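Asker: Listed in order, the protein sequences are those of chains A and B. Heads up, the first sequence stops at 161 in this note's numbering, and the numbers go up one at a time, no gaps. Heads up, the second sequence stops at 161 in this note's numbering, and the numbers go up one at a time, no gaps.
FYI, nobody ran anything at the bench for these hints, they're computed from the structure. Values in this document were obtained by computation on a predicted structure and should not be read as measured data. It is possible that some hints are incorrect.
Claimed, not checked - Short derived list, chain B residues pointing at chain A, Cβ under 8 Å:
(1) E22
(2) A47
(3) A50
(4) L54
(5) S77
(6) Q113
(7) R116
(8) V121
(9) Q126
(10) V146
As the list claims (entries may be wrong) - Derived DEER-like restraints, expressed as beta-carbon distance ranges:
(11) G136/B x P10/A: 37 to 45 Å
(12) G96/B x T14/A: 20 to 28 Å
(13) D59/B x R112/A: 22 to 30 Å
(14) R6/A x T133/B: 16 to 24 Å
(15) W124/A x W124/B: 16 to 24 Å
(16) R48/B x G94/A: 33 to 41 Å
(17) T36/A x A2/B: 23 to 31 Å
(18) R112/B x T14/A: 21 to 29 Å
(19) A152/A x P90/B: 36 to 44 Å
(20) E111/A x T36/B: 22 to 30 Å
(21) W143/B x T99/A: 32 to 40 Å
(22) G94/A x V139/B: 27 to 35 Å
Note that the Cβ used here is the ideal one computed from N, Cα and C, for glycine as well.
There are 2 protein chains.
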Amino acid sequence: MADVIRNATPHDVTGLLGLTRELAEYEKLTHLFVATEDTLREALFGARPAVEALVAERDGKLVGYALYFHNFSTFLSRRGLYLEDLYVQPALRGSGLGTALLRRVAAIAVERQCGRFEWSVLDWNQNAIDFYTKMGATVLPDWRIVRITDAALNRLAGATS
Amino acid sequence: MADVIRNATPHDVTGLLGLTRELAEYEKLTHLFVATEDTLREALFGARPAVEALVAERDGKLVGYALYFHNFSTFLSRRGLYLEDLYVQPALRGSGLGTALLRRVAAIAVERQCGRFEWSVLDWNQNAIDFYTKMGATVLPDWRIVRITDAALNRLAGATS
């Protein structure tokens with residue numbers, strides 16, 4: 001089996017969109033999924049790219065991907081790298097493709113002199129936590145993500161004046 | 001008292017660095033603090049800005065700031081906005097400056113059509129959690145941040161093998 005990890009190109013958009021939809025199905029979040037080929041192409045390859053992608057191929061077929069962008073640490077005063085998605089098709093899990101994607105993103109973080117490489121995990125996903133911990137990562141115990149969207153975001157924004 | 005919330009300019013770098021150091025002291029994280037005027041200027045106003053900033057002035061004096069950057073939601077297929085720091089000098093807390101900064105960042109998120117506006121909170125900071133919840137934000141209960149840095153990051157990247 002020939003495995004290839006490479007940067008995504010505009011030719012991958014159709015296949016990549018299919019994989020992101022598979023991830024939404026796996027996470028039971030298809031009700032939130034509104035991506036299209038056009039929005040994904042614009043996000044990755046438009047005038048102001050919002051995100052970057054690696055794809056994993058096995059025997060010439062797209063079977064996984066990683067999406068990442070830069071965040072920032074004030075105290076380190078430099079960019080970090082944040083992994084938004086890491087996905088490998090279920091039938092191919094455990095075959096090393098996920099690790100290969102993660103290592104490649106880590107290599108990009110090092111190459112770009114990022115102070116840290118971060119991502120998120122569900123607190124009940126002990127297999128993933130064990131895997132990440134074994135590779136030297138730390139699960140921050142006490143930070144929580146706060147999110148505001150839609151009408152509540154508009155209300156917060158609109159009450160400025 | 002005249003309060004002003006405005007975009008930071010290169011003239012603010014010295015004052016802004018002082019405020020970021022105050023935040024590091026407040027969080028007892030000065031051992032991680034390596035920012036200098038040069039690195040902060042480059043991050044905010046260099047050829048490839050890594051982060052954006054608002055400052056809060058009271059009676060012409062810099063007393064608070066917000067630092068933010070864009071993240072990305074795959075399922076929404078669009079940028080979000082992430083608030084990295086929100087800081088107001090301790091003596092001025094409760095005077096509305098923090099809320100004014102937060103509202104202004106929310107307005108930027110809406111103006112740029114971001115799908116969501118996010119930040120982080122410590123799980124023991126109940127006052128902050130109550131404040132955010134009251135304004136319509138949600139604290140995601142089950143996501144944890146995973147972080148890898150320094151030697152472990154280099155090892156993952158394969159740089160040492």
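Asker: Indicate, hint by hint, whether the structure satisfies it.
Answerer: Going down the list of hints, with the structure as the test:
1. Taking 8 Å as the C-beta cut-off, the interface hint given for E22/B is violated, the closest approach to chain A being about 12 Å.
2. At a threshold of 8 Å, the smallest CB-CB gap from A47/B to chain A is about 13 Å, leaving the interface hint violated.
3. Because the beta carbon of A50/B sits about 5 Å from the nearest beta carbon in chain A, less than 8 Å, this interface hint is met.
4. For L54/B, the shortest C-beta to C-beta distance to chain A is roughly 12 Å, which exceeds 8 Å, and the interface hint is violated.
5. The interface hint given for S77/B holds, since its Cβ lies 3 Å from the closest Cβ of chain A, which is under the 8 Å cut-off.
6. Given hint, Q113/B at the interface with chain A, is violated; its Cβ is 11 Å from that chain's nearest Cβ, farther than 8 Å.
7. At its closest, the beta carbon of R116/B sits 4 Å from a beta carbon of chain A; the interface hint therefore holds under the 8 Å criterion.
8. Using the Cβ-Cβ criterion of 8 Å, the hint placing V121/B at the interface with chain A is satisfied: the shortest such distance is roughly 5 Å.
9. Using the Cβ-Cβ criterion of 8 Å, the hint placing Q126/B at the interface with chain A is not satisfied: the shortest such distance is roughly 12 Å.
10. With a cut of 8 Å, the hint placing V146/B at the interface with chain A holds, because the nearest CB-to-CB distance is about 5 Å.
11. Remark: the range hint 37 to 45 Å for G136/B to P10/A is upheld by a beta-carbon distance near 38 Å.
12. G96/B and T14/A have their C-beta atoms about 50 Å apart, which leaves the hinted 20 to 28 Å range violated.
13. The hint said 22 to 30 Å for the Cβ distance between D59/B and R112/A, and at roughly 41 Å that hint is violated.
14. The beta-carbon spacing between R6/A and T133/B, approximately 43 Å, falls outside the hinted interval of 16 to 24 Å.
15. A beta carbon spacing of about 21 Å between W124/A and W124/B agrees with the range 16 to 24 Å that was offered as a hint.
16. Our hint of 33 to 41 Å for R48/B and G94/A holds, since their Cβ atoms are close to 38 Å apart.
17. About 47 Å separates the C-beta atoms of T36/A and A2/B, a value inconsistent with the hinted range of 23 to 31 Å.
18. Here the CB-CB span from R112/B to T14/A is close to 27 Å, well matched to the stated 21 to 29 Å.
19. A hinted range of 36 to 44 Å for the beta carbons of A152/A and P90/B is inconsistent with their spacing of about 28 Å.
20. Between E111/A and T36/B the CB atoms are about 23 Å apart, so this pair conforms to the stated range of 22 to 30 Å.
21. Range check, W143/B to T99/A: Cβ separation about 22 Å, and the 32 to 40 Å hint is violated.
22. Judged by the Cβ atoms, the range 27 to 35 Å given for G94/A and V139/B holds: they are separated by roughly 33 Å.
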